[in-house]
Amino acid sequence: MTSLLLAEQVLNGLQFGMMLFLMSAGLTLVFGVMGLINLAHGSFYMIGAFACASVAMATGSWFLGLAASLAAAAVAGVLVELLVIRRLYDRDHLDQVLATFALILVFSEGTRYLFGSFPLFLDVPAALSGAVTLPGGIAYPVYRLAIIAAGIAVAIGLFWLVGRTRLGIRIRAGEADREMIAALGVDIDRLYTIVFALGAALAGFAGAMLGTIQSVQVGMGEPVLILAFVVIVIGGIGSIKGALIGSMLVGLTDTLGRTLLPVAFSTILPPSDANAVGSALASLLIYVLMAGILVFRPSGLYGGRSA
Amino acid sequence: MKKVGILTAACAAALFAGASAQAGDVKVGMITTLSGGGAGLGIDVRDGFELALKQAGADNIELVIEDDQRKPDVAVQLADKLIQSEQVDVLTGIIWSNLAMAVVPAATAQGKFYLSPNAGPSALAGKGCHENYFNVAWQNDNLHEAAGAYAKDTGYKNSFILAPNYPAGKDALTGYKRFYDGDLAGEIYTKLGQTDYAAEIAQIRASGADSVFFFLPGGMGIAFLKQYAQSGVDLPVVGPAFSFDQGILQAVGEAALGVKNTSQWSKDIDNPANAAFVEGFQAEYGRLPSLYASQGYDTANLLISAAAKADVADADAFRAALAAAEFDSVRGAFKFGPNHHPIQDIYVREVIKEGDVYTNKIIATGLADHADAYAGDCKF
Numbered sequence: 000m001t002s003l004l005l006a007e008q009v010l011n012g013l014q015f016g017m018m019l020f021l022m023s024a025g026l027t028l029v030f031g032v033m034g035l036i037n038l039a040h041g042s043f044y045m046i047g048a049f050a051c052a053s054v055a056m057a058t059g060s061w062f063l064g065l066a067a068s069l070a071a072a073a074v075a076g077v078l079v080e081l082l083v084i085r086r087l088y089d090r091d092h093l094d095q096v097l098a099t100f101a102l103i104l105v106f107s108e109g110t111r112y113l114f115g116s117f118p119l120f121l122d123v124p125a126a127l128s129g130a131v132t133l134p135g136g137i138a139y140p141v142y143r144l145a146i147i148a149a150g151i152a153v154a155i156g157l158f159w160l161v162g163r164t165r166l167g168i169r170i171r172a173g174e175a176d177r178e179m180i181a182a183l184g185v186d187i188d189r190l191y192t193i194v195f196a197l198g199a200a201l202a203g204f205a206g207a208m209l210g211t212i213q214s215v216q217v218g219m220g221e222p223v224l225i226l227a228f229v230v231i232v233i234g235g236i237g238s239i240k241g242a243l244i245g246s247m248l249v250g251l252t253d254t255l256g257r258t259l260l261p262v263a264f265s266t267i268l269p270p271s272d273a274n275a276v277g278s279a280l281a282s283l284l285i286y287v288l289m290a291g292i293l294v295f296r297p298s299g300l301y302g303g304r305s306a
Numbered sequence: 000m001k002k003v004g005i006l007t008a009a010c011a012a013a014l015f016a017g018a019s020a021q022a023g024d025v026k027v028g029m030i031t032t033l034s035g036g037g038a039g040l041g042i043d044v045r046d047g048f049e050l051a052l053k054q055a056g057a058d059n060i061e062l063v064i065e066d067d068q069r070k071p072d073v074a075v076q077l078a079d080k081l082i083q084s085e086q087v088d089v090l091t092g093i094i095w096s097n098l099a100m101a102v103v104p105a106a107t108a109q110g111k112f113y114l115s116p117n118a119g120p121s122a123l124a125g126k127g128c129h130e131n132y133f134n135v136a137w138q139n140d141n142l143h144e145a146a147g148a149y150a151k152d153t154g155y156k157n158s159f160i161l162a163p164n165y166p167a168g169k170d171a172l173t174g175y176k177r178f179y180d181g182d183l184a185g186e187i188y189t190k191l192g193q194t195d196y197a198a199e200i201a202q203i204r205a206s207g208a209d210s211v212f213f214f215l216p217g218g219m220g221i222a223f224l225k226q227y228a229q230s231g232v233d234l235p236v237v238g239p240a241f242s243f244d245q246g247i248l249q250a251v252g253e254a255a256l257g258v259k260n261t262s263q264w265s266k267d268i269d270n271p272a273n274a275a276f277v278e279g280f281q282a283e284y285g286r287l288p289s290l291y292a293s294q295g296y297d298t299a300n301l302l303i304s305a306a307a308k309a310d311v312a313d314a315d316a317f318r319a320a321l322a323a324a325e326f327d328s329v330r331g332a333f334k335f336g337p338n339h340h341p342i343q344d345i346y347v348r349e350v351i352k353e354g355d356v357y358t359n360k361i362i363a364t365g366l367a368d369h370a371d372a373y374a375g376d377c378k379f
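Residue numbers (numbering that gives the first Met the number 0), protein chains in the order written: chain W, 0 to 306; chain S, 0 to 379.
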């Protein structure tokens with residue numbers, strides 16, 4: 000393995016991590032602030048991708064589709080919060096899991112009813128297509144660089160929002176003590192609706208960004224959701240910083256594990272066995288990472304509070 | 000008014016009684032995937048099957064359709080229900096090999112017939128074969144073998160091959176290697192359901208390969224092809240038809256143009272049965288048929304041909320009628336081998352654009368009169 004290939008794989012790992020961050024940022028916000036386990040987060044991801052694909056197909060503009068994905072997922076988030084989630088805050092986590100799992104089924108079959116069972120077409124816009132040669136001679140797809148940039152922008156935006164704005168102060172206060180900030184005159188119901196819509200919009204954005212280079216189809220959100228849960232457990236529930244670090248760790252571990260493990264095993268095993276063992280182990284690697292981190296930091300890397 | 004109603008009911012009852020007493024009546028239970036991921040395949044099989052019944056006016060065949068949600072446990076429950084309370088004579092419809100493995104051996108052991116419109120796991124083709132199990136599509140390895148043969152004929156010397164890490168993925172790479180005799184620049188098993196292939200594409204780029212073979216069904220293939228097209232790697236790609244069927248191609252778009260893929264069916268196969276099928280399917284459902292739809296259509300026509308010759312109550316005669324396969328397949332020549340799996344031509348197709356629609360056209364025959372590698376292990 001050359002150092003050039005290794006550098007490219009590190010870049011791929013970072014890019015994969017950014018994809019995961021877009022998805023897990025919203026999830027950790029909702030989980031941390033509202034104490035809600037939202038399995039339907041993957042459905043907002045799917046809604047974002049479908050909104051982007053259908054608007055891009057109708058108007059021919061991918062960027063309009065991206066805007067539509069934010070709007071559609073946020074609106075869906077508001078509706079879901081008002082109609083369903085609001086009734087779940089005082090219930091235990093099992094009820095939340097059941098109700099939001101039901102939402103997955105409703106959204107999946109509803110999407111199938113509207114769009115049919117076949118995957119939709121969504122392609123990279125001309126402005127972001129093709130590959131560029133980076134310093135060092137790595138040919139890298141422009142769109143993947145755009146994903147990294149979008150992830151960095153979202154991270155900066157969220158740190159600013161949570162750390163520097165009035166809304167951010169309320170979000171942090173709501174995380175710390177729900178009754179107390181309600182007593183201080185903050186409309187906690189509205190705050191929760193806003194946070195939930197923000198989380199949904201982030202998932203929708205992720206869905207549109209990633210749907211573009213993946214497959215826009217019913218049920219696309221659930222595999223990503225599992226990885227996003229791994230990320231927020233590693234990073235610490237409710238911490239944006241944790242979600243960022245956790246995403247990077249998971250992205251790098253997964254990508255490098257996938258490429259390096261088979262190579263490493265081939266030094267001690269015959270090639271076909273090395274391949275089989277290496278790829279089997281690589282798919283476990285992020286869960287091993289999660290277990291390892293939980294042994295030393297039971298509430299995750301940046302999860303100070305006991306939830 | 001009331002009188003008319005009673006009369007109609009009486010007529011209907013008489014008709015029904017008449018029909019069910021007729022020889023050649025068959026009750027068919029279809030278990031297929033109609034919801035969740037992969038529903039497009041089941042819907043195509045169902046639509047193709049129903050179209051054949053409709054075109055033949057086969058009102059001696061009663062069809063009960065159930066949705067397995069792609070879950071083996073659900074499929075097993077549905078099979079029990081269809082066999083015990085619906086008392087079907089024939090089962091069909093399963094798309095996925097793991098579901099077929101859960102349902103087929105039990106159903107055939109109870110004396111039911113099973114006609115597979117899609118899944119063809121090697122375990123049911125070799126030692127685990129059964130005289131009542133007929134595969135109307137292919138043995139799982141077949142299309143991959145044709146891809147390997149095509150790569151060899153084209154003169155590829157250094158292929159990079161990848162497939163998901165599960166039984167059908169391993170069968171795929173085994174099938175390819177059975178006919179391809181060049182070197183391997185790399186061999187990768189990806190995670191099942193993986194959506195990001197940046198790491199694999201980087202390895203392909205660095206490997207010095209002269210061609211890429213991949214088997215990534217459904218959404219995985221869409222993701223791989225889109226990312227591959229963006230990566231700047233431009234090695235020729237070969238794959239089985241599963242990543243290039245009519246339902247998927249529109250979602251991949253331009254990225255698939257020119258890719259070679261192997262299939263036992265294509266909409267441009269020139270025979271009257273295929274023309275009637277393609278035209279009828281478009282008229283009925285408003286879309287082009289996929290290879291899954293063609294398999295559903297052939298399965299139904301096989302059943303119709305057997306029901307016309309023998310009574311399903313006479314299992315030996317019905318089995319012989321099925322094995323004779325005297326129907327006009329949309330694939331052209333079609334016959335069963337000794338293990339009741341197809342012997343058929345497998346074509347190489349190229350993805351083209353017709354107007355606004357992406358579709359396939361045949362450019363060569365990959366393997367002629369091809370049987371599967373497991374037939375020798377099958378003893379009824």
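Among the hints, erroneous ones may be present.
[Claimed, not checked] Just a sample of chain W residues kept apart from chain S, beta carbon distances all over 12 Å, derived:
{"id": "1", "residue": "Leu19"}
{"id": "2", "residue": "Val141"}
{"id": "3", "residue": "Leu160"}
{"id": "4", "residue": "Glu221"}
[As the list claims (entries may be wrong)] Just a few of them, taken from the derived set where beta-carbon distance is under 7 Å, the chain W residues facing chain S:
{"id": "5", "residue": "Gln8"}
{"id": "6", "residue": "Asn11"}
{"id": "7", "residue": "Phe15"}
{"id": "8", "residue": "Phe100"}
{"id": "9", "residue": "Pro118"}
{"id": "10", "residue": "Thr164"}
{"id": "11", "residue": "Thr258"}
[Claimed, not checked] Covered by chain S, per the in silico footprint, the following chain W stretches (three or more residues, Cβ under 8 Å):
{"id": "12", "segment": "122-135"}
{"id": "13", "segment": "209-219"}
{"id": "14", "segment": "274-282"}
Treat the hints as calculated values from the structure; they're not laboratory data. Ideal Cβ placement from N, Cα and C applies to all residues, glycine included.
Gln8(W) as an interface hint toward chain S, with CB separation required under 7 Å: Holds, because the Cβ-Cβ distance from Gln8(W) to chain S comes to roughly 6 Å (cut-off 7 Å).
When the least beta-carbon distance from Thr164(W) to chain S is tested against 7 Å, hint result: Interface hint status for Thr164(W): violated (33 Å vs cutoff 7 Å).
Given as non-interface: Leu160(W), partner chain S, CB spacing beyond 12 Å: holds, 28 Å
Confirm or reject the coverage of the segment 209-219 of chain W by chain S under the rule of 3 or more residues with a beta carbon closer than 8 Å to the chain's beta carbons. Holds, because 10 residues of the segment 209-219 of chain W bring their Cβ atoms closer than 8 Å to Cβ atoms of chain S.
Hey, does the Pro118(W) contact hint survive, CB to chain S under 7 Å? Holds, because the Cβ-Cβ distance from Pro118(W) to chain S comes to roughly 4 Å (cut-off 7 Å).
Would the least Cβ to Cβ distance between Leu19(W) and chain S come out above 12 Å? Given that some Cβ of chain S is not farther than 12 Å from that of Leu19(W), nearest at about 10 Å, it is violated.
Status of the hint placing Thr258(W) at chain S (closest C-beta pair under 7 Å): holds, 5 Å
When you look at the beta carbon of Val141(W), is every beta carbon of chain S farther off than 12 Å? Non-interface label fails for Val141(W): nearest chain S Cβ at 8 Å, not farther than 12 Å.
Have a go at the Phe15(W) hint: is there a Cβ in chain S nearer than 7 Å to its own Cβ? holds, 6 Å
Residue count check for the segment 122-135 of chain W against chain S: does it reach three with CB-CB under 8 Å? Satisfied; 5 residues make the cut.
Do three or more residues from the segment 274-282 of chain W put their C-beta atoms closer than 8 Å to C-beta atoms of chain S? holds (count 6)
Under 7 Å, Cβ to Cβ, is where Asn11(W) needs to be relative to chain S, so tell me if that hint holds or is violated. Asn11(W) check passes; min Cβ-Cβ to chain S is 4 Å, inside 7 Å.
Consistency note: the structure conflicts with the earlier hints numbered 1, 2, 4, 8 and 10.
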